[in-house]
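Asks: Taking the hints into account, I'd like the entire structure generated from these sequences.
The lines below spell out each chain.
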Amino acid sequence: GENVEQHPSTLSVQEGDSAVIKCTYSDSASNYFPWYKQELGKRPQLIIDIRSNVGEKKDQRIAVTLNKTAKHFSLHITETQPEDSAVYFCAAILTQGGSEKLVFGKGTKLTVNP
Amino acid sequence: NAGVMQNPRHLVRRRGQEARLRCSPMKGHSHVYWYRQLPEEGLKFMVYLQKENIIDESGMPKERFSAEFPKEGPSILRIQQVVRGDSAAYFCASSPRDLGEKLFFGSGTQLSVL
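Sequences listed follow chains A and B, in order.
Residues in the first sequence are numbered consecutively from 1, following our numbering.
Residues in the second sequence are numbered consecutively from 1001, following our numbering.
A portion of the hints provided could be inaccurate.
[Claimed, not checked] No farther apart than 25 Å at their CA atoms in a straight line, the calculated lysine to aspartate or glutamate pairs in the DMTMM-like style are these: (1) LYS1102/B / ASP59/A; (2) LYS1102/B / ASP84/A; (3) LYS109/A / GLU1040/B; (4) LYS1102/B / GLU56/A; (5) LYS1044/B / GLU39/A; (6) LYS42/A / GLU1052/B; (7) LYS1102/B / ASP17/A; (8) LYS42/A / GLU1041/B; (9) LYS1027/B / GLU5/A; (10) LYS106/A / GLU1018/B; (11) LYS1062/B / GLU39/A; (12) LYS1044/B / GLU15/A; (13) LYS1102/B / ASP27/A; (14) LYS1102/B / GLU15/A; (15) LYS106/A / GLU1040/B; (16) LYS1044/B / ASP49/A; (17) LYS71/A / ASP1086/B; (18) LYS106/A / GLU1041/B; (19) LYS1044/B / ASP84/A; (20) LYS106/A / GLU1052/B; (21) LYS1044/B / ASP27/A; (22) LYS22/A / GLU1040/B; (23) LYS22/A / GLU1041/B.
[To be verified] A short, non-exhaustive set of chain B residues, derived as facing chain A with CB atoms under 7 Å: (24) GLY1016; (25) PHE1045; (26) TYR1048; (27) ILE1055; (28) ASP1056; (29) LYS1102; (30) LEU1103; (31) PHE1105; (32) SER1107; (33) GLY1108.
In case anyone wonders, no lab produced these hints; they're calculated from the structure.
Idealized CB from N, CA, C, for every residue including glycine.
Replies: This is how it looks when you write it as structure tokens:
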């Protein structure tokens, strides 16, 4: 199949706490896993991505981990700030019929309370 | 370097009319993807095009929907005889030759069918 499952669907944290969002995928051939942030009424914006040849990648307060054996990957946001409030989408590349496309999870609405 | 440009930003149509959504990819990008987003939901893949070629249209409804990316000019997503259920945000994204790099989204077209 071409499913990407994402949990939780909503997440509320206090400012300064960490937030973790988890995704699983079904296509074992997937090799690229981006994360997008979408603020209300705006376009999805790429915030971090990881390829299957690495297990973890960090960019300041954001990190992504990948477990290829278990087919799951996670987004970690540390020291959360109110401006981190948005909907976050994970995605995985699906190769099918000679073409590649990104398949997205259903999103996690993150609320950071001041 | 301008990003992915979509127009119009908002489009209102009555049932039975046609909707034409335009997307100009980033300079140097030859791959275009269209996604549909319903309220409170994720991004659903519709179609993947390269110049003058439809590569993958597996996510597009068989009837009333069509897409093109001509040699010159923007990519067009066309919806004929619109119905209320077509109301959604339609996002276009482009990538350079290798999808494994980055997928950049336009600001979307919000289609409202009255």
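Asks: Indicate, hint by hint, whether the structure satisfies it.
Replies: Consistency of the hints with the structure:
no. : hint                 : verdict
1   : LYS1102/B / ASP59/A  : holds (16 Å)
2   : LYS1102/B / ASP84/A  : holds (22 Å)
3   : LYS109/A / GLU1040/B : holds (9 Å)
4   : LYS1102/B / GLU56/A  : holds (18 Å)
5   : LYS1044/B / GLU39/A  : holds (18 Å)
6   : LYS42/A / GLU1052/B  : violated (29 Å)
7   : LYS1102/B / ASP17/A  : violated (29 Å)
8   : LYS42/A / GLU1041/B  : holds (14 Å)
9   : LYS1027/B / GLU5/A   : violated (33 Å)
10  : LYS106/A / GLU1018/B : violated (29 Å)
11  : LYS1062/B / GLU39/A  : violated (31 Å)
12  : LYS1044/B / GLU15/A  : violated (32 Å)
13  : LYS1102/B / ASP27/A  : holds (20 Å)
14  : LYS1102/B / GLU15/A  : violated (30 Å)
15  : LYS106/A / GLU1040/B : holds (9 Å)
16  : LYS1044/B / ASP49/A  : holds (19 Å)
17  : LYS71/A / ASP1086/B  : violated (34 Å)
18  : LYS106/A / GLU1041/B : holds (6 Å)
19  : LYS1044/B / ASP84/A  : holds (24 Å)
20  : LYS106/A / GLU1052/B : violated (31 Å)
21  : LYS1044/B / ASP27/A  : holds (17 Å)
22  : LYS22/A / GLU1040/B  : holds (18 Å)
23  : LYS22/A / GLU1041/B  : holds (17 Å)
24  : GLY1016              : violated (28 Å)
25  : PHE1045              : holds (5 Å)
26  : TYR1048              : holds (6 Å)
27  : ILE1055              : holds (5 Å)
28  : ASP1056              : holds (4 Å)
29  : LYS1102              : holds (6 Å)
30  : LEU1103              : holds (6 Å)
31  : PHE1105              : holds (4 Å)
32  : SER1107              : holds (5 Å)
33  : GLY1108              : holds (6 Å)
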